[in-house]
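Chemist: Letter by letter, the chains look like this.
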Amino acid sequence: MTTTIIWTIAIISGLGLLLALTLYLVAQRFKVVEDPRIELVEKAMPGANCGGCGFAGCHAFAESAVKAPNLDNHFCPVGGNETMKAVADILGYEIQEKAPMVAVVRCNGSCANRPKVNEYDGSVSCKVKASLYSGDTGCAFGCLGCGDCVEACKFGALSMDPETGLPVVDENKCTACGACTKACPKGIIELRKKGPRGMREFVSCVNKDKGPSVKKACAAACIGCGICVKTCTHGAIVLDNNVAYIDPEKCKLCRECEAMCPTGAIHGVNFPKPLDKEAVKARVQERQKKAREAAAAAANEIKKEENNG
Amino acid sequence: MDKILVSPNPHLHSKTTTKVLMRDVVIALLPAVVVSVVFYGWKELLVLAVSVLSCVLVEYLITRYCLKKASTTGDWSAIVTGILLALNLPTTTPWWVVFIGAIVAIGVAKMTFGGLGQNLFNPALVGRVFLLISFPTYMTRWEIPQGLFGVDAITGATPLGVIKEGLMQGASVPELMAQHGYSYSQMLFANIGGSAGEACAIAILVGFIYLVARKVIKPWITLSILGTVAAVSCIFWLANPAQFTDPLFNLLTGGLLLGSCFMATDYVTSPMTTKGGIIFGIGIGFITLMIRYFGSYPEGMSFAILIMNSTVPLLNNWFHQKKYGRA
Amino acid sequence: MARRTFSIGGVHPNDAKISRDCKIEVLPTPPTVYIAVAQHIGAPAKPVVAVGDKVKAGQVIAEPGGFMSAYIHSSVSGTVKSIGPRKDLSGNNQMVVEIAVEGDEWMEGIDRTDTLITEIPQDPKAIIEKIKLGGVVGLGGATFPTHVKLSPPPGKTCEMLIINGCECEPYLTSDFRTLLEKGEQVVVGTAIIKKALGVDKATIAIEDNKPEAIDHIEKVVAEMKAKSTDYAGIEVMSLMKKYPEGGEKQLIDAVMHRQVKSGGLPIDVGAVVDNVCTALAVYEAVQKNKPLVDNSVTVTGECFPRQANLLVRVGTPINYIIDFLGGVPEDAAKVISGGPMMGKSIANLEAATMKGTGGLLFLTREQTKRMPESNCIRCGKCADACPMGLEPFLLNRLAKAGNTDALEENAVQDCIMCGCCLYSCPAGIPLLDVISQARGQVMGIMKARAAAAKAAAEAAKPKTE
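Protein chains in written order, with the numbering used here: chain A, 2 to 310; chain B, 23 to 349; chain C, -17 to 447.
Hints are computed from structural coordinates only; laboratory data are not their basis. Positions of the beta carbon are idealized from the N, C-alpha and C atoms, including for glycine.
With a straight-line Cα cutoff of 20 Å, these simulated EDC-like cross-link-like pairs (lysine to aspartate or glutamate) come out:
1. B/K37 <-> C/E284
2. A/K187 <-> A/E152
3. B/K25 <-> C/E332
4. C/K69 <-> A/E120
5. A/K217 <-> C/E332
6. A/K290 <-> A/E279
7. C/K107 <-> C/D182
8. C/K382 <-> A/E152
9. A/K117 <-> B/D24
10. B/K90 <-> C/E355
11. A/K211 <-> C/E80
12. B/K345 <-> C/D387
13. B/K25 <-> A/D122
14. B/K41 <-> C/E355
15. B/K37 <-> C/D(-3)
Okay, the calculated bits of chain C under chain B, using three or more residues with CB under 8 Å as the criterion:
16. 314 to 325
17. 347 to 353
18. 361 to 370
19. 387 to 399
20. 412 to 422
Turn these sequences into a full structure, and let the hints steer you where they fit.
Modeler: Structure, rendered in structure tokens:
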């Protein structure tokens, strides 16, 4: 009885030792020598493997970052500046801080704003739908509503609002990895600067059609009227292909364009106070009137001088 | 016309849906069901009813309350499983054993894998084999058919069981056949001992022909099983007729016909391509015969199908459709 | 003898040729036409008219925008109102030339009489030039510029011309009516294409659900053969009705028992395939100087009150055609340009017809609504139906996993988008939706790889020299 127990213990232990030794030898034999910094960098990464940086995953990013002469071409949108600082410290590089970004859905085509003229009956996929036709409404540029972006988001930051039929970005969860911008066949999602305390101003429409047909298709579309361009005193708005675009670098968040937009296509978010449209409008109109008068006066002056001369 | 419907091509769809296919299988099983009820009487009807109802009930409960999805019982597949399970059981099986079989068949073999289409093994067979191993006494008490109004149930062994038993005691095949008075016409038209579905070869073949004619299944799997069994048993029988049963006996007894016509041809658990199907069938035929000749069980069809079920992913990987313009 | 057909897959949808007895009628000219500049595969044509210009029917309004492109002619006489974007039948903007119709004046030199001219020009180059000037494109659906198809690349020779009269799509009957009513012209057109290719054999393939057409064309061919040696070698072949028989690759398999290699062209196996309507257009362009400005369109559907085959000017708004026939029926839910298997769903009824528009089909919700998707039961019906021998169930799974390497290995790029897989799937899985996306993706990858390989080869060349 005792001998049996002893033998059993001995055999099991011996077997364990033998296997451990084998494993150790094999591990030594096939050891891959890797730059130890790669592992350190990878540890500093968020580990989401989302591909937002343009590499296959966090390990690929780390490999490439270690080899690179500087970190100009490497930025982890998910970890942001904090992660990049940690990576730079490990590798002894300098980095420039980047402004945090966020995904912005540029479409106002809610069910109420865009009357449907067609009904889709196929795979629930924006890609399939986009390859087939322009969409259920008269607008050929807006959101298709099948949620490819929601599917693409690895951070659960996107969801479809059942009431509007449009995707909604949860700013706290969005890491600006850019997966949704690639997934959207209509290209309506843009990565924009998050802005000071999250405040930002953007044109929530990408419709390039001419005014009248846009107006027919959607009640809250950018009709390319150019009022915002004229209103903006910072030169931040450009009108290209019948659609306005606010340059986030130049925008001073004065919200005048938002107040002046006839269709409400310009959105301001995260501002502490709601926009008093009428007041701002009156202010802008007053300023424009004065400018006109000044211009008229100046013109008169020139005329007079010419007449005198 | 208020909104125009838009969808990718094609804009028409064949009328053959999953439900239609499964209903066709049920229709094809009807001859076997009717014959078994006629031969075995109301007890068989009870087994059938319990089996079908509990299969449907288990699937309904699981989809509704465990998976919290819309119930899938409308596709008739649970009914098919229920009928097949019942046809594979002895008529004397108590109702609660049948119910346990249904739980294993639907609950374990089908729904845990993700429901219809996802399961690796044929649910009815998993249920049957589970019962065979767990309740061997109930599962080997085969009844000699007494007709619709027969009262006294006489239980006995199946021809395969008799032969196996006899061979072990040193008797030879021709002796045993003569002793028990087995004739081929009897096997073809019923009333030999066995599970209800094994009773009448003709009824099963009628159903099989219906399925092939309706293009529900292709005949290749079935034919390759039957061909393999015939060929291999022919070799053994010619080599030693005293020790091994003849091809016709092997084709007509046990669950071979029911299994090859209705269970090996199950869409979900058989290979997708014809080539793969033929290999699958050869495997089933060969394993069945090996179990019958050399195994400890008298019958091996269920085990053979389950073993070959496990090779299906591999067969699907190896055998592909012939592609246009590629050698 | 077994009925001849292609060897792999195929399905048998209900024929539903309910407009087969409707003679081709001429549709009155609409008040305005919208002629797109991209009506063919390849580069869009470049407009050569300006707003305010007066044009005549048959006048060139746009010139080829590249090697793979075609002339576009005005289909009406009138004034160019605008040149700019307009929503096409999918609702996307497309460059169109808008012409307000005034009278019906035709360019000089166009013979609009019915006189049959059986004597054909002998110079292949002249024929191809005339076809090019006539703006003829393939009318079987792909709208491939015909003059490009008839100029095989050097080193490849054509052994057989196949004229495709299968019309395997259910409902459509315009090819059938063309064969019956303009069979002589089709046969002359066939002879012209045969001459242009310098090939001895030509086969007019017709499915056996159109026995009248087979009889008629056989009679016409016999008459023509008696008249001139130019018609020697033209045969009529009856094929078993099966979809997609009219697919180029399937037709070559059925007629010649040869299969085009993956990524290859029909000419690789010595075949050129043209539609019967293309043969007719070639006849008109070469013999009558009449460019491709009108085509026959089947307007049909069980819910549609009046079935018709119409001769429609290119650029006619679709709702003009519908109004002419009595408006959209109440219970119609879907309008399809083309047949029900490969046709395109129309999202915008204000869009105009193009050269390749062969049918307008109205289906009710009941007929066409997709059934809800359920689990794959692994029945393999999709694989049995696929005429390319692919395994749609596998491609669907791989596409969902995004495994492009395995997709390429399993030949997703060979898919011809015939729709047989989705048609036959008992579980209603949208196989083709997913596969066509994956196909596009894989083809993009293959193209990029080929381009990279070419660039690498170019880069390596100077070093070795």
